[in-house]
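**Q** One-letter residues, chain by chain:
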Amino acid sequence: MAQRIALGLLTLFVISLLIAFGVELLPGDLAQEILGQGATPEGLRVLRLQLGLDTPPHIRYLDWLGGMVTGDMGLSLANKRPIAELIGPRLSNTLFLGGFAAMIAIPIALTLGILAALYRNSLYDRGVNIFTLTSISFPEFFIAYILILFFAIKLGWFPGISNISSELSFLDKLYRTLLPAASLTLVVVAHMMRMTRASIINLLSSPYIEMAHLKGIKPLRIITRHALPNALAPIINVIAINLAYLVVGVVIVEVVFVYPGLGQLLVDSVSKRDVPVVQACSMIFASVYIFLNLSADVISIVTNPRLLYPR
Amino acid sequence: MQKTLKNLSSAPLSAKFGMVVIFIYLVVAIFAPLIAPYGEREILGKAYELMSSEHLLGTDNLGRDMLSRLIYGARNTIGLALIITALAFLIGSLTGMTAAALGGWIDQLLSRIVDIFMSIPALIFALLILSILGTAMPYLIGTIVIVDSTRVFRVVRASAMNVAVMDYVEVARLRGEKLPWILRKEILPNITAPLLAEFGLRFCFVFLFISALSFLGLGIQPPTADWGSMVRDNATLISYNDITPLIPAGAIALLTVAVNFVVDWMLHKSSGLKDVS
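Protein chains in written order, with my numbering: chain A, 902 to 1212; chain B, 77 to 353.
Source of the hints: derived by calculation from the structure; they are not laboratory data.
Where is the CB? At the ideal position from N, CA and C, for every residue including glycine.
Treat the hints with care, since some could be wrong.
Derived Cβ-Cβ restraints for the label pairs, each shown as a range [claimed, not checked]:
| # | chain 1 | residue 1 | chain 2 | residue 2 | range |
| --- | --- | --- | --- | --- | --- |
| 1 | A | P1108 | B | L178 | 17 to 23 angstroms |
| 2 | A | R1126 | B | Q297 | 56 to 62 angstroms |
| 3 | B | Q297 | A | T971 | 44 to 50 angstroms |
| 4 | B | L126 | A | D1026 | 39 to 45 angstroms |
| 5 | A | E1111 | B | K92 | 33 to 39 angstroms |
| 6 | B | I217 | A | R905 | 58 to 64 angstroms |
| 7 | B | M95 | A | A907 | 46 to 52 angstroms |
| 8 | B | G139 | A | S1023 | 48 to 54 angstroms |
| 9 | A | L1209 | B | K92 | 32 to 38 angstroms |
Chain A with its partners taken away, still in its complex shape:
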């Protein structure tokens, strides 16, 4: 397990290198690329100084990494404001949206998935299979716009644009975030359900479950006493993997609903080519993603004695 965590940290380190030195891919340097044809020597000099291009790369990298950790992420190129100030409230909005979506998605997906595994090959299972295949294939923005069309425009129940701010009460925030959260839920439930179904079926076909059947134990008791304790690990694993997926899916949903989150900031900054902000946002997204995947692995190791004490 220590090995797995070390590997995760190493991955994070390599990714920070990629993000920091990706800029070196450019034929010229970043300043030249941003100013383009109309660059004056004076403008170039100022921008280079601003980007810290006058210091050697390894020092620039260490500065940047230290800044990321301590929260001093430098200035945005587009509006000269501190990046930390831009990111702070947006990060908490994104986490709020993601958390809300997870609270809806996890119980639904687990229930549907377990039911599909229990009644596998039934009409219900096949219906669910078609439903999940379909919703996996839908682009996020398609689902989001359908929800907007029906619930915001036709019925007028919810706002189609989720502008939230810190002054709003918690309930108001929930209300305005419901449609984006529902879109994310629809996107992620299908994945989570299919994985839950697969891991439960995998478990139900193992010899000790068959033995319990042969002993004549009732199906409900087999599930609660024999299957569930062992199914917990794979299920938690499925949840963690899908949370990671959700964190990235947030980008598009935020753009559709004009939700003031980190994803929207990232997309805006990419089109403005505000590289320092893009780097900071990518680093945050990548770290959350890696952390969730890492905890999925760690949880499945900790809860499975056979993996915890490998022979």
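Please build the complex by placing chain B on the supplied structure of chain A, with the hints as guidance.
**A** Relative to the frame of chain A, chain B by itself:
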């Protein structure tokens, strides 16, 4: 030939539906200039005209015919997705099979590099690269090919591993066959079934990925017609209770559903790879 036909007729309803849909899309994409009533970039009227006999689906934000752009969009979006998937497959399967056949440090090196790439979320990686290099077409294609070939590598390596340890591969090695021969004649024929299914899945991924990037305004650039950017361009209409932006989005969804249905059936038939999500 007869066997293929028999195979096709034994397919479940969902797979048949998928095949019909894919066929229609391909016809539309190939014969786009013949089918489309107007040109791809022609500005014909006012912006956001309603649906009429002249413009069956109305006009878009610049007054171009929606239907014609939808038809040309099939060609551009599907074509680009196919090119990218094919390139990713070429790179991914060559390196994957090589890693499996050679083993040792080459395998270790390639696998670790792929591990790192796979632990970065694809969309974030693409956004980072595109913000540095800009959204010109070669960079767009290159970025997605790199992202996707790592996924192909993984699947191909895993399937090729099982074949590479077979006795007949050992025999071929002892016979003194060179690496290209082993890859082409011994390994490739035995992994085509999972590869085909994987091609379908990868195509869906690439297709959705391009559409998502275009929707964010970072993919295929105007004035080229493309479904993702068509959704973005006409998105404001949704607040006037107009379903126009849903049409290109639906076109994307329908094709991916169709491909997924077919792939699902292929996976079940060749089994071994069941319930891979």
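**Q** Taking the hints in turn, state whether each one holds.
**A** Now the hints, each set against the structure:
no.: 1; hint: A:P1108 / B:L178: 17 to 23 angstroms; in the structure: 38 angstroms, violated
no.: 2; hint: A:R1126 / B:Q297: 56 to 62 angstroms; in the structure: 59 angstroms, holds
no.: 3; hint: B:Q297 / A:T971: 44 to 50 angstroms; in the structure: 39 angstroms, violated
no.: 4; hint: B:L126 / A:D1026: 39 to 45 angstroms; in the structure: 44 angstroms, holds
no.: 5; hint: A:E1111 / B:K92: 33 to 39 angstroms; in the structure: 36 angstroms, holds
no.: 6; hint: B:I217 / A:R905: 58 to 64 angstroms; in the structure: 35 angstroms, violated
no.: 7; hint: B:M95 / A:A907: 46 to 52 angstroms; in the structure: 48 angstroms, holds
no.: 8; hint: B:G139 / A:S1023: 48 to 54 angstroms; in the structure: 52 angstroms, holds
no.: 9; hint: A:L1209 / B:K92: 32 to 38 angstroms; in the structure: 48 angstroms, violated
Hints 1, 3, 6, 9, counting from the list given before, are not met by this structure.
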